[in-house]
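Undergrad: The residues making up each chain are set out below.
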Amino acid sequence: MELRIRENMDRTVRLLVKTTGFLIITVLGGIFFMLLWNTVAFFLQIKPLDFITGTQWNPSGDPAAYGILSLLASTCLVTLGAMVIAIPLGIGTAAFLSEYADKRLKSILKPAIEMMAAVPSVAIGFLGIVIVGPGIAGLTGQSNGLNALNGAILLAVMALPTIITVTEDALQGIPNTYREASYGVGASKWQTLIRVTIPAAAPGILAAVMLGVGRAIGETMTVLMATGNASAFPKGFFDSVRTITATIAIEMGEVPYQTTHYYSLFAIAAVLFLFTLAVNMLGEFFVNKYKKYHAP
Amino acid sequence: MKRLTPVIEWGTLLLTTGTVCFFLVVILWDLAIKGAPALSWTFVTALPSEGMTQGGIFPAIMGTILLTLITTIVAVPFGISCAIYLDEYATDSWVTRLIRASIRNLSGVPSIIYGLFGLALFVQALHMGTSLLSAGLTLGLLSLPYVISTTEEALRRIPASTREAALAIGSTQFESIRDLVLPSALPGIMTGIILSLSRAAGETAPILFTGVAFYINNPTGFLNQEFMALPYHLYMLSTQHHAIEQVRPLAYGTALVLLIVVFLLNLTVFYIRHKHSNHA
Chain A
-5 MELRIRENMD RTVRLLVKTT GFLIITVLGG IFFMLLWNTV AFFLQIKPLD
45 FITGTQWNPS GDPAAYGILS LLASTCLVTL GAMVIAIPLG IGTAAFLSEY
95 ADKRLKSILK PAIEMMAAVP SVAIGFLGIV IVGPGIAGLT GQSNGLNALN
145 GAILLAVMAL PTIITVTEDA LQGIPNTYRE ASYGVGASKW QTLIRVTIPA
195 AAPGILAAVM LGVGRAIGET MTVLMATGNA SAFPKGFFDS VRTITATIAI
245 EMGEVPYQTT HYYSLFAIAA VLFLFTLAVN MLGEFFVNKY KKYHAP
Chain B
706 MKRLTPVIEW GTLLLTTGTV CFFLVVILWD LAIKGAPALS WTFVTALPSE
756 GMTQGGIFPA IMGTILLTLI TTIVAVPFGI SCAIYLDEYA TDSWVTRLIR
806 ASIRNLSGVP SIIYGLFGLA LFVQALHMGT SLLSAGLTLG LLSLPYVIST
856 TEEALRRIPA STREAALAIG STQFESIRDL VLPSALPGIM TGIILSLSRA
906 AGETAPILFT GVAFYINNPT GFLNQEFMAL PYHLYMLSTQ HHAIEQVRPL
956 AYGTALVLLI VVFLLNLTVF YIRHKHSNHA
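Quick mapping for you: the protein sequence lines, in order, are chains A and B. In this text, residue positions in the first sequence follow our numbering: the first is -5, and each later residue adds one. In this text, residue positions in the second sequence follow our numbering: the first is 706, and each later residue adds one.
Honestly, the hints are just simulated from the structure, not real lab data. Please read all numbers here as calculations on a predicted model, not as lab measurements. Among the clues, some could well be false.
[Stated by the list, open to error] No more than 27 Å apart at the CA atoms, straight line, and that leaves these computed lysine-lysine pairs for DSSO-like: (1) K183/A - K104/A; (2) K100/A - K980/B; (3) K980/B - K97/A; (4) K980/B - K104/A; (5) K97/A - K183/A.
Taking the hints into account, I'd like the entire structure generated from these sequences.
TA: What follows is the structure, encoded as structure tokens:
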């Protein structure tokens, strides 16, 4: 083929792939614009202060109430519970994999954890109904065990693979000289892990936790199926709760197009979006900090 | 006391790891044991009947396959193309940094927000209605950031010398990518794509308002029709059905089929990785 044609082809392809790069910016921009547009439409009808400080979410009531606080509290409660369970388990497992397990054990455990990450959220939610729910009901005497604790346990299961994988990477990234220096002054393996390796990997571990939090906050199906979805303000882990994601999933299918109720669901989605954005940026901040410390 | 400390220390780590493994075993064991009795040839090939209490889940399996197919058609070409731009052509400019930041943020956006975006854009603004096409496009957008980042990672593993060798004998950059870089990166790209698709196949939230339905009697359906899907079917059978206890075995069966679909995709990934690592 003539050189000119080949060069033209190269230029065309360059332009084409560049266009798809811009497509990505457009998608994020589109999501941002959609949330903003509908949230503004919502705030033209409902005072922002009522939205932010209201504890009642009752869009079909008379008068309708659009307070996000109970939904936000539910989301935070379930996420907090999930992290209380997942962080110690995740760090412990990652430490075991990175510092103690031999190669053969690792080659079994790592794919197993990848497998856990692959289980669809709806299947986890289903197990919340058929296993965790009856379990909690049996222990507490509640009728079905669909409450914040159930959601927290399931979200912990969903966040664990992320936390374990990223934490293990962070621990592996610590140079062996750190450990050897610690052994050299007489520390045991455990003391080295607790006082040297984990603190040195702290930014990476924080990034892992942030990724786990991001996953838990945004998860829809498991909480929708397992937390009971009562829209009252939650008082504790044994209360039925209704998160932001579950509220969108329940109500969006039924609202008429372009009503206040319709806009309100975009407004709570915007709040959710901002939260996940903040959590992810925080995670990224820790990752960068980690990279700076351990640049080769 | 001193002799006990190492035992406690060891025990802590073993206990955490054991608990995590216990979770996984419970998930797999429960679904396998209680799902297996429901599986049969009729279960995967028959239509639901008697108000979902009898029959099979063929339309849901078909719907999930078609949906994943559309997701592939949307996410794979655009994803690979964008990854090629970022890894092969792009210079470090503010545009490139903006694209990378967008990809990172998009992969953190909750799936239900993709569902809202699909509803606002495809279903309403572009008048596609609640349909297989709307849902497939929505899932395509959701998979895009994963496809891009895994493809880029695969491309980055190809040494610069490969490209330089091609350029040195007079090929254009496009020719070096088409004939050398992409073929060598193919196993890595494939595994990334399959993993992204296995995620998409199990997603429920993004298709809730964009086209999934509880019952469609025409199993093949078409692009402009609503459809059934395995994850949504499981959700409806386990929470919304009028005779929940009666359909529990069917729900277990659906869950097991969904899990098998997802794990088969993941096994393919393990196979490709294993085969490739032997050659390297």
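Undergrad: Just pull the numbers of the violated hints for me, sorted ascending.
TA: The structure breaks none of the hints.
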